[in-house]
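S.K.: Model the full structure from these sequences, guided by the hints.
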Amino acid sequence: MANIRLEKIKPLVALGVFLVAWWVVPTTVKSFLRVNFSEFQAPAWVATSYLDDLEGFWARRSHSKVELIEAGREVARAKSLYQFNAQRKETLENEIQRLEAILNLPSRREFRYEVARVVRRDLNAWWQQIIIRKGKDYDIPEGAAVVFSGGVVGRVVEVNAFTSRVELVTSPNFRMAANFEGDERPVVYQGVVQGGLGAPIGSVRDAPQDVVASTQFPLKLVSTRLGGTFPPGLMIGRVSWLEPGSTGIFQAGQVELDTSLLGLREVAVLIPLYPIDFDSHAP
Amino acid sequence: MLLDPRAILMFGANVLLLYLTLLVNSALTNWSIYLLLMGPMLVFPALYLRHQSYFICTLLTGLWVDAAFPVPYGLFTIGFLFAGAFVFQMRIRFRAEHNYHPIMLAHGLNFFCVVLLTLTMGFSYISSPGFWVQVFVTSLASHLALVLVAPWFFNFERMLFELCRLDTEPEDFPML
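For the protein sequence lines, the chains are Y and L, in the order given. To convert, note that position 31 of the first sequence is 31 in the UniProt record's numbering; the numbers rise steadily by one, no gaps. To convert, note that position 96 of the second sequence is 96 in the UniProt record's numbering; the numbers rise steadily by one, no gaps.
These are calculated hints, taken from the structure and not from any lab test. Treat the hints with caution; some may be incorrect.
[As the list claims (entries may be wrong)] Label pairs and their computed distance ranges (CB to CB):
(1) L:Leu20 with Y:Leu226: 36 to 46 Å
(2) L:Leu148 with Y:Leu273: 45 to 55 Å
(3) L:Leu119 with Y:Lys89: 45 to 55 Å
(4) L:Leu140 with Y:Asn94: 51 to 61 Å
(5) Y:Val75 with L:Leu166: 53 to 63 Å
(6) L:Ser124 with Y:Ser214: 28 to 38 Å
(7) Y:Ala59 with L:Leu2: 43 to 53 Å
(8) L:Arg50 with Y:Trp23: 22 to 32 Å
[As the list claims (entries may be wrong)] Which chain Y residues stay away from chain L? Per the calculated CB distances, all over 12 Å, these:
(9) Lys10
(10) Trp58
(11) Trp127
(12) Pro172
(13) Gly253
Backbone N, C-alpha and C fix where the C-beta goes; we use that ideal spot for every residue, glycine too.
M.R.: Right, dumping it as structure tokens:
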């Protein structure tokens with residue numbers, strides 16, 4: 001009889017002992033466990049991503065020669081346009097450097113672009129993140145900016161051996177300094193909880209009173225060099241309306257983000273060439 | 001034996017279910033649909049195994065799931081053990097050899113996981129209607145998916161037992 005009773009409370013006793021043990025175990029042990037379990041899972045995701053690439057390769061192999069020749073022509077056209085743009089960019093860069101030298105302006109942050117495939121997208125009510133196929137093996141730093149052809153994607157929040165976790169611009173935990181295109185005054189962009197229906201959105205606050213936005217003439221919200229993570233001028237989203245914020249001094253509004261953010265396949269991580277040393281650069 | 005070999009198979013099946021779920025979720029992002037299918041992972045270990053094997057299997061599953069998501073480490077480990085202990089205590093009342101009771105349990109446990117996540121990760125957004133809309137859509141989609149996934153998953157686990165020539169009966173028979 002006593003044995004049966006003991007058998008009945010065994011799960012509760014074990015749970016109690018485990019809870020006490022979990023509370024006592026140092027954080028380093030838990031971090032060690034987390035890292036190891038994450039690293040165990042990573043190869044499966046990396047392999048899936050490579051299989052996806054292989055599938056794409058075989059899908060392209062099935063195209064006819066005529067289609068491939070046509071695609072090659074289009075690529076050649078795009079290449080010549082980009083070559084022309086690259087020359088123009090170089091000329092403008094030189095001009096900017098000359099003017100900066102004349103005006104004695106402080107140097108700008110330079111970035112290296114590391115293009116990475118997205119291996120997993122995880123967008124839900126509780127978190128908004130993607131996993132990319134590059135990590136410590138490509139010197140991806142924590143906190144690095146992540147961008148795509150449509151603008152800002154988010155920020156690297158965790159780096160593993162072969163993968164990195166990126167918190168998306170839609171996440172409520174994501175916040176960055178921004179400004180409206182053509183207006184240097186800084187505003188604050190922050191992600192919001194996504195309703196799940198319709199396009200992704202964010203919020204902007206601390207906008208000056210004289211800024212006017214409308215659905216006919218939406219304002220472009222772009223990144224600023226304040227904060228140091230993002231280069232200036234990268235598209236964040238469009239603002240169609242602004243209303244007085246909670247303080248009454250500034251305005252706040254909703255930011256319409258690019259719908260491509262929901263189906264990202266490839267992104268670029270911006271790695272600072274000269275990382276800021278907060279200890280030595282602090283005033 | 002320290003560990004029932006079925007516990008290893010169940011853990012492997014749980015890992016596979018999580019991987020497949022995340023793969024589907026990754027493909028469904030354009031439709032803003034997310035599936036949370038964790039209920040089935042807890043059912044068979046609690047119904048089929050002796051306490052020691054159940055505990056190890058559920059603990060490893062919890063640690064694995066915790067590492068896959070950006071949640072406070074230990075959330076699912078403790079949550080799974082808590083829910084598992086509840087089911088384990090009452091397992092004599094359930095018939096594990098048919099799918100009806102396991103499916104019902106899987107739905108209940110899955111709902112527990114949704115509530116656990118909402119309380120832990122979404123506490124600061126509870127005043128946002130958008131958050132509740134998305135939680136509702138996620139719960140609805142997950143439970144609809146479970147109608148198909150849970151029987152498949154339980155049959156798959158039973159098939160693994162047969163393939164590996166292991167005992168296909170639970171440790172405790174139900175009270176008739």
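S.K.: Does each hint hold? Answer for all of them.
M.R.: The hints, checked one at a time:
Take Leu20 (chain L) and Leu226 (chain Y): their Cβ atoms lie about 43 Å apart, and the range 36 to 46 Å holds. Here the CB-CB span from Leu148 (chain L) to Leu273 (chain Y) is close to 51 Å, well matched to the stated 45 to 55 Å. Here the CB-CB span from Leu119 (chain L) to Lys89 (chain Y) is close to 51 Å, well matched to the stated 45 to 55 Å. The given range of 51 to 61 Å is respected by Leu140 (chain L) and Asn94 (chain Y), whose C-beta atoms sit roughly 58 Å from each other.
Restraint check, Val75 (chain Y) to Leu166 (chain L): a C-beta distance of roughly 56 Å satisfies the suggested window 53 to 63 Å. Between Ser124 (chain L) and Ser214 (chain Y), the C-beta spacing of about 32 Å keeps the proposed range 28 to 38 Å intact. Hint check: Ala59 (chain Y) to Leu2 (chain L), Cβ distance near 49 Å, so the stated range 43 to 53 Å holds. Between Arg50 (chain L) and Trp23 (chain Y), the C-beta spacing of about 26 Å keeps the proposed range 22 to 32 Å intact.
The claim that Lys10 (chain Y) is not at the interface with chain L is violated, since a C-beta of that chain comes within 12 Å of its own (minimum 5 Å). A cut-off of 12 Å between C-beta atoms confirms that Trp58 (chain Y) is not in contact with chain L; the least separation is 19 Å. Taking the minimum C-beta to C-beta distance to chain L, about 5 Å, the non-interface status of Trp127 (chain Y) is violated against the 12 Å cut. Not every CB of chain L is more than 12 Å from the CB of Pro172 (chain Y) (nearest about 7 Å), against its label as outside the interface.
Against chain L, the non-interface label of Gly253 (chain Y) holds: every CB pair exceeds 12 Å, the least being about 16 Å.
Violated hints, in rising order: 9, 11, 12; the structure is consistent with all others.
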